[in-house]
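2 protein chains.
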Amino acid sequence: MRVAFQGEPGAFSEQAICEYFGQVQTLPCETFEAVFAAVAARQAEAGLIPIENSLAGSIHQNYDLLLKYNLFIVGEYFLRVRLCLIAFPGVKIEQIQKVISHPQALGQSAGYLQRLGVKTEPVYDTAGSVKLLRERGERTLAAIASRRAAEIHAMQVLAEGIEDDDQNYTRFLAIRPEAASPRGKAKTSIVFTLNNRPGALFEALSVFALRTIDLTKIESRPIPGRPWEYLFYVDLAGSTRDEPVQRALEHLKEYALMLRVFGSYRRAALK
Amino acid sequence: MRVAFQGEPGAFSEQAICEYFGQVQTLPCETFEAVFAAVAARQAEAGLIPIENSLAGSIHQNYDLLLKYNLFIVGEYFLRVRLCLIAFPGVKIEQIQKVISHPQALGQSAGYLQRLGVKTEPVYDTAGSVKLLRERGERTLAAIASRRAAEIHAMQVLAEGIEDDDQNYTRFLAIRPEAASPRGKAKTSIVFTLNNRPGALFEALSVFALRTIDLTKIESRPIPGRPWEYLFYVDLAGSTRDEPVQRALEHLKEYALMLRVFGSYRRAALK
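One line per chain: the protein sequences are A and B, in this order. The first sequence runs 196 to 466 under our numbering. The second sequence runs 196 to 466 under our numbering.
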């Protein structure tokens with residue numbers, strides 16, 4: 196089995212594939228759209244895309260691509276983003292003088308790096324910083340990236356979980372050309388648009404409240420170029436196999452200008 | 196007047212300050228938190244922070260900082276993110292062989308760069324890529340950044356608006372130690388938490404629907420470490436000077452575990 200992701204080998208998305216799918220082949224893609232295209236063209240059986248990060252928020256671009264491509268969400272996974280300090284094998288942490296990584300990773304471990312008393316240099320990518328470390332061949336240099344990136348480039352993890360905020364996680368969605376059909380603890384993701392008038396959202400949400408269906412996510416988004424229209428992304432508890440969910444979605448069609456069901460899938464735990 | 200922002204001189208945030216505040220001094224800060232700290236310590240009269248991007252989504256970290264610091268939202272501004280191709284003065288576009296910028300900027304103008312037939316090299320920052328261009332001194336090299344970055348480094352804008360998707364904008368919030376008190380076309384930003392049970396959000400939104408108060412943004416966010424609690428960010432039409440808004444917020448306190456009003460401010464147009 197082959198799973199597509201956006202980024203270089205060793206990216207956090209690849210780490211998420213390892214944890215979610217186990218032993219599979221991975222297909223690195225340059226852009227998120229290339230991931231969708233690879234799955235649609237069946238160059239990969241599935242794709243794994245980040246959809247929201249606890250610090251950075253939802254990745255709207257991937258919602259746009261879900262709308263553009265005719266693929267289904269078939270699973271979700273929460274990755275705890277654990278930043279690793281990575282150096283050449285045999286190097287001791289006291290030897291490190293400078294640390295390179297993406298500015299975001301450097302920022303997220305600023306407290307740790309200050310205590311370590313090292314200089315920092317921003318580079319364009321976390322996984323890329325480990326590649327750069329290997330190319331430069333300096334034993335006083337370290338990179339910050341995923342454990343997976345250290346493994347791929349045969350480097351050593353000096354410290355793991357060096358981020359200052361330990362509540363950093365990313366939610367990933369598994370996408371495939373065919374819908375899943377889970378029973379039991381499931382989630383369903385939908386998107387819809389409403390006329391912009393006071394109370395329109397309240398009306399739309401009544402279809403779930405009246406059937407005691409729990410919402411696990413709601414997000415509005417203005418549609419650029421159409422300043423008075425909104426997209427709403429909603430995740431709800433339950434599967435499209437459940438009759439109350441089916442009835443709620445039928446009822447929602449009475450209010451929504453557009454409604455698309457991205458799929459039902461097994462709920463994952465936010466550890 | 197001095198306004199703090201996150202990033203290097205020439206960052207898109209600084210561009211937004213120029214467009215929103217006009218001629219003011221700017222204070223570059225390394226992190227978003229440093230912006231809040233500078234405003235709280237009155238090293239700057241105001242700060243301007245990005246809160247959501249049309250492609251990337253909301254920046255949750257800045258919502259966290261709004262909760263952490265006792266500052267108020269006093270204004271909003273929508274910046275159309277226009278990427279510029281920047282080179283040394285006198286250079287012609289045909290001479291360019293390689294383009295450097297942050298991977299996101301390179302990705303957002305991939306179509307344009309392909310038609311131009313140039314090589315690309317990722318660097319850590321958009322504004323930083325213009326600094327790097329100047330340091331390298333190569334006349335076959337170009338950078339992608341804001342118009343402001345070109346001006347600061349005395350470089351030439353070869354082309355403007357080279358992004359493939361012209362619906363790329365970022366919403367900024369102006370923050371100050373004292374609340375504004377607008378009349379007329381205003382917006383109010385709040386955050387609240389609810390018990391996670393079906394219908395809780397529906398109940399909470401009734402306080403606005405029953406008073407015909409329009410919502411312009413709603414977003415839920417799981418609270419890491421507390422898997423069954425959610426934060427809700429809501430922007431509503433109206434000012435806390437308006438009686439219906441005051442009554443709705445009083446009513447909301449009956450349902451919300453926590454409620455914080457970030458402030459009322461004049462509505463900006465999404466161009």
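Wrong hints could be hidden among the right ones.
It does not matter which identical chain is meant; a pair holds if it fits inside one copy or across any two.
Keeping only pairs whose Cα atoms sit at most 20 Å apart, straight-line, the calculated EDC-like set for lysine to aspartate or glutamate is [unchecked claim]: (1) K412 <-> E333; (2) K263 <-> D361; (3) K380 <-> E203; (4) K326 <-> E240; (5) K263 <-> E438; (6) K326 <-> E316; (7) K412 <-> D360; (8) K287 <-> D259; (9) K293 <-> E225; (10) K314 <-> E203; (11) K326 <-> D359; (12) K448 <-> E330; (13) K380 <-> E424; (14) K448 <-> E228; (15) K287 <-> E240; (16) K412 <-> E398; (17) K314 <-> E424; (18) K263 <-> D359; (19) K380 <-> E438; (20) K448 <-> E316.
Don't read these hints as lab results, they were simulated from the structure.
> Checking against the hints above, which ones are violated?
Replying inline: Per hint list: 1, 3, 4, 5, 7, 8, 11, 12, 14, 15, 17, 20 violated.
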